[in-house]
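**Q** One line per chain: the protein sequences are R and L, in this order.
Here the first sequence is numbered in the numbering used here, starting from 1 and rising by one per residue.
Here the second sequence is numbered in the numbering used here, starting from 1 and rising by one per residue.
These are calculated hints, taken from the structure and not from any lab test.
Please note that a few of the clues may not be correct.
[What the hints assert, rightly or not] Below, a list of computed lysine to aspartate or glutamate pairs in the DMTMM-like style, where the Cα atoms sit at most 20 Å apart: (1) L:Lys200 x R:Glu47; (2) L:Lys442 x L:Glu455; (3) L:Lys77 x R:Asp44; (4) L:Lys77 x R:Glu57; (5) L:Lys194 x R:Asp44; (6) L:Lys194 x R:Glu47; (7) L:Lys77 x R:Glu80.
[As the list claims (entries may be wrong)] Okay, the calculated bits of chain R under chain L, using three or more residues with CB under 8 Å as the criterion: (8) 27-40; (9) 72-81; (10) 84-92.
All C-beta atoms, glycine included, are put in the ideal place defined by N, C-alpha and C.
Below, each chain spelled out in residue letters.
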Amino acid sequence: MALKIVESCVNCWACVDVCPSDAITQGSAHFQIVTSKCTECDGDYAEQQCASICPVEGAILLADGMPANPPGSLTGIPPERLAEAMNEIQAR
Amino acid sequence: MELSVLEHGKAGSSSAGGCSSSSCGSTDDQLSHLPDSIRAKVQNHPCYSEEAHHYFARMHVAVAPACNIQCHYCNRKYDCANESRPGVVSEVLTPDQAVKKVKAVAATIPQMTVLGIAGPGDPLANPQRTFETFRQLTEQAPDIKLCVSTNGLALPDCVEELAKHNIDHVTITINCVDPKIGAKIYPWIYWNNKRIRGVKAAEILIRQQQKGLEMLVERGILVKVNSVMIPGVNDEHLKEVSRIVKEKGAFLHNVMPLIAEAEHGTFYGVMGQRSPDPEELQDLQDSCAGDMNMMRHCRQCRADAVGMLGEDRGDEFTLEKIEQMDIDYEAAMVKRAAVQASIMEELDEKAAQKARLANVSVPSLTEGRISRNYRSVQMAVATNGGGLINEHFGHAREFLIYEASPEGVRFIGHRKVDQFCVGNDSCGEKESALSGSIRALKGCEAVLCSKIGFEPWSDLEAAGIHPNGEHAMEPIEEAVMAVYQEMIAAGRLNGEKALFQANA
Ligand code: SF4
Ligand code: SF4
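Just chain R, with the same shape it has in the complex:
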């Protein structure tokens, strides 16, 4: 099984440098995990490295399709508060 990077990736390179399996490559729009190479860090680390350093919530999906870092888990901003702030900005 493998992890997956989706379009909210901001191309910050952090995951590339820490992947023990050399599984992450630069895609056309954002970085990608080569499924056949990703080991989920099994045998190297207790925690999946890409998911442990990625600064963007939702950018990396676990093998089961769930976000490794769900909304609010990295920034500490409660998702409701973020939605509220975005609405306020839209309304201006």
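Could you slot chain L with the ligands onto chain R? The hints should help.
**A** Structure of chain L with the ligands alone, referenced to chain R:
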């Protein structure tokens, strides 16, 4: 003032050559107290020397996208061309591209003395890209000073390598020395292959920062400490930070205001954490100053800024444009040396002149021509470089703030007119540029510029700020002193409060 940060014995005696600082005669005098070896390192560095920033240019190359910590004032998702703040860039470069860009810029802007790597992530979390860039530049542009700024987490591991590349300036951002406060600023760090949160994370970060600071000082590498002032979180605490980093040998401490807007999507922005007022920032800078160098001209540059501080010519040097430039690198280096030598000569001449002036005017102050009873006055200055009043009020995107008092003139900071946005339709704020300028000048009683239109003139007067275009093309400090003396002569500074009406 003696600078106890540096070797005690030497600090007072080595400045025999008079004063080279632009804030000569004031308590904020930066360079004249430094040992010659350090002065030589900083006198043409726009980020370290207040005076140099009027004359010399710097650039940052964005080769370091990855980061190993999260700060509550940063959001890696955000990139807007109108944004000017650390952590923001338009394009990330490879080391090869960066080297090309540096050489192109240095050939076009002969005042360029310094190349910094500042992000957009943490340079030391990108060691290969950062050090490859430094390695190539040491070879290909040996006249350019190299510097780097970091959050400090990976610093102890990199000190050897930094020393090897002849980096003589390092900036560490230190916002706290107390992990409980740190936990309110840093939600997590990536450390030893794990994401670590809370107080534990802050503890590790603080430990690494302090250790890195000590190791650099041991090796004689100049260290500047940056701190972000976050009202209610670390504002009081920064006084302690200042004391500690000073004891450990940091050369400069730079307290910067938090930039927090909901639009940026940062934790502080979205949660409504306020930024400090200019007055609050100044008070904190004053109380952190003590006997240490404080830096007040920092512009919180983008990680891809190009040009003089306060300006950004990055658009002239996109990769595409660089490809088309035809550059003779050898000739450019020769030209740089000549241009920079003549600037240094000019500065030395100015310093000598100032020393002569000081000898003339200081005794007259004590004899009572300027009685010590007059209160101090803050004035804003519009300049586009060269240490002169040479910018039109309406064109100024920032103002330098000076304080005149019976002791002399000192530079105390700068205020941006539109700190977050140029006010085009894609951004939220559409406040008029004029009211923005007036708000930025709060606390100032006069604004000195080369020219000013009728409309801003009357609005400024209504706000209690006297516009003054009579000192166009004059050196800033002399003009500020002249206006101060005019105010005294006009009887405006008698007593505690300003005498002119705010609502004329
Ligand atoms: S889970 Fe591990 S092996 Fe897979 S891409 Fe991420 S870092 Fe590489
Ligand atoms: S760490 Fe996250 S945001 Fe950065 S490149 Fe990898 S997936 Fe993209």
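**Q** Each hint should be assessed against the structure and marked as holding or not.
**A** Consistency of the hints with the structure:
About 18 Å separates the Cα atoms of Lys200 of chain L and Glu47 of chain R, which keeps this hinted pair within 20 Å; it holds. Between Lys442 of chain L and Glu455 of chain L, the direct Cα distance comes to roughly 18 Å. Compliance with the 20 Å bound is thereby established for this hinted pair. For the hint pairing Lys77 of chain L with Asp44 of chain R, the CA-to-CA distance comes to about 29 Å; that exceeds 20 Å, so the pair is violated. Taken as a hint, the Lys77 of chain L and Glu57 of chain R pair is honoured in the structure, with Cα atoms around 10 Å apart against an allowance of 20 Å.
Between Lys194 of chain L and Asp44 of chain R the CA atoms are separated by roughly 12 Å; this keeps the pair inside 20 Å, and the hint holds. Between Lys194 of chain L and Glu47 of chain R the CA atoms are separated by roughly 7 Å; this keeps the pair inside 20 Å, and the hint holds. Between Lys77 of chain L and Glu80 of chain R the CA atoms are separated by roughly 19 Å; this keeps the pair inside 20 Å, and the hint holds. Three residues within the 8 Å Cβ limit are the bar, and the stretch 27-40 of chain R against chain L gives 0, so the coverage statement is violated.
By the rule of at least three residues with a Cβ nearer than 8 Å to a Cβ of chain L, the coverage given for the stretch 72-81 of chain R holds, with 5 such residues. Counting residues of the stretch 84-92 of chain R whose C-beta lies closer than 8 Å to any C-beta of chain L gives 4; at least three are required, and the coverage claim holds.
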